[in-house]
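Chains as they are written, first to last, in this note's numbering: chain G, 576 to 760; chain E, 576 to 760.
Treat each hint with caution, since some may be false.
Since copy identity is lost for identical chains, a pair holds within one copy or between any two.
[Claimed, not checked] Taking lysine to any residue and the SDA-like style, the derived pairs with C-alpha atoms no more than 20 Å apart in a straight line are:
| no. | residue 1 | residue 2 |
| --- | --- | --- |
| 1 | Lys-652 | His-638 |
| 2 | Lys-652 | Thr-737 |
| 3 | Lys-652 | Asn-740 |
The hints are simulated quantities; they were obtained by calculation from the structure and are not laboratory data.
There are 2 protein chains.
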Amino acid sequence: MSVYVALLHYPVYNRNGHVVCSAITNLDVHDIARAARTYGVSGFYVVTPLEEQRLLLDRLLRHWREGYGARSNPDRKAALELVTVVASLPEALALITGEVGTELELWGTAATATRPTLTYSEARDRLHHGRPTVILFGTGWGLCRDVLGLATYLLPPIRGATSYNHLSVRGAAAVILDRLLGQNG
Amino acid sequence: MSVYVALLHYPVYNRNGHVVCSAITNLDVHDIARAARTYGVSGFYVVTPLEEQRLLLDRLLRHWREGYGARSNPDRKAALELVTVVASLPEALALITGEVGTELELWGTAATATRPTLTYSEARDRLHHGRPTVILFGTGWGLCRDVLGLATYLLPPIRGATSYNHLSVRGAAAVILDRLLGQNG
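Hey, can you work out the whole structure from these sequences and the hints?
Okay, here's the thing in structure tokens:
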């Protein structure tokens, strides 16, 4: 079983439903890397077309992977070693395909389902028996319809006891990885 | 069923195992409030003995609950309305007891279990049939032993596919609320 995570900063919606490029949030990268490491994810791709943002994030990652951060906090190093910064989703998919040497399956996530979804139980089974899978997360107000259209399956929106569904992408990613890969105690 | 969450900034451990007071992290408050709102939690208490930090957080909360933030982002308002800032855990418990009018049960969370824990399935059942419950989360390197000693039960540490257990407290809180109160799709 191999699972990858991609966090897209473009193309995503803003609160008005326009397609935008969102800024990288440092804590998204740290939190999702920590969750990815916890749940045995093989790689975490941070996607933004903005070169300056990629350079900045690469500099931050060097601090934690090679610099003082690596010595002061080896657990954070272990998490952030999973991160690769790329300009586009196709670039991420090409790198992952090169690594696994086989066709990938893409799964989309959204706060509102726009078409039928796998159940989490079906998704867990599929991870064990299916192809290497890339789970796509969107920042801002969520992944653009065109990107969701690339996904073979959507995962169900996270529902709690209420109709409120405004988890942070960091929180939603942790919950989704737990539902797919967590070991219940 | 009524569930409350308390996020303690004191007494918690630092990475060297010393008891410290950690600083409030703005995104902890936002993310845990959003998760609390999603999962139908009745109240979220942010606990710090540092008066300046409480005043600062109260000012930020006013922005989102009454100021420009409330108009520009009503969903965030709905989440942050759950937050109460207090100086100590006893103060939080007194306020909750006043609200529910009955004895409370405290549950502790930790990245490493120091004594037997409920399973998540037992915990779900207990929430439906038991007393109003306050789930305690610690910032920094986790809740001090004395605080965990106040809890009737501990919840199991979150386990993924690996032995790595360094989720952020924001991420752990989202996952734990999902395990206790989530509706699986």
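These are the hints, each one checked on the structure:
Only within a single protomer do Lys-652 and His-638 lie at most 20 Å apart by alpha-carbon distance; the minimum there is 9 Å, versus 36 Å between protomers. Taking the closest pair of Cα atoms, Lys-652 and Thr-737 come within 20 Å of each other only across two copies (16 Å); inside a single copy the shortest separation is 37 Å, beyond that limit. Proximity of Lys-652 to Asn-740 under the C-alpha cut-off of 20 Å is restricted to the inter-copy arrangement: shortest distance 13 Å between copies versus 32 Å within a copy.
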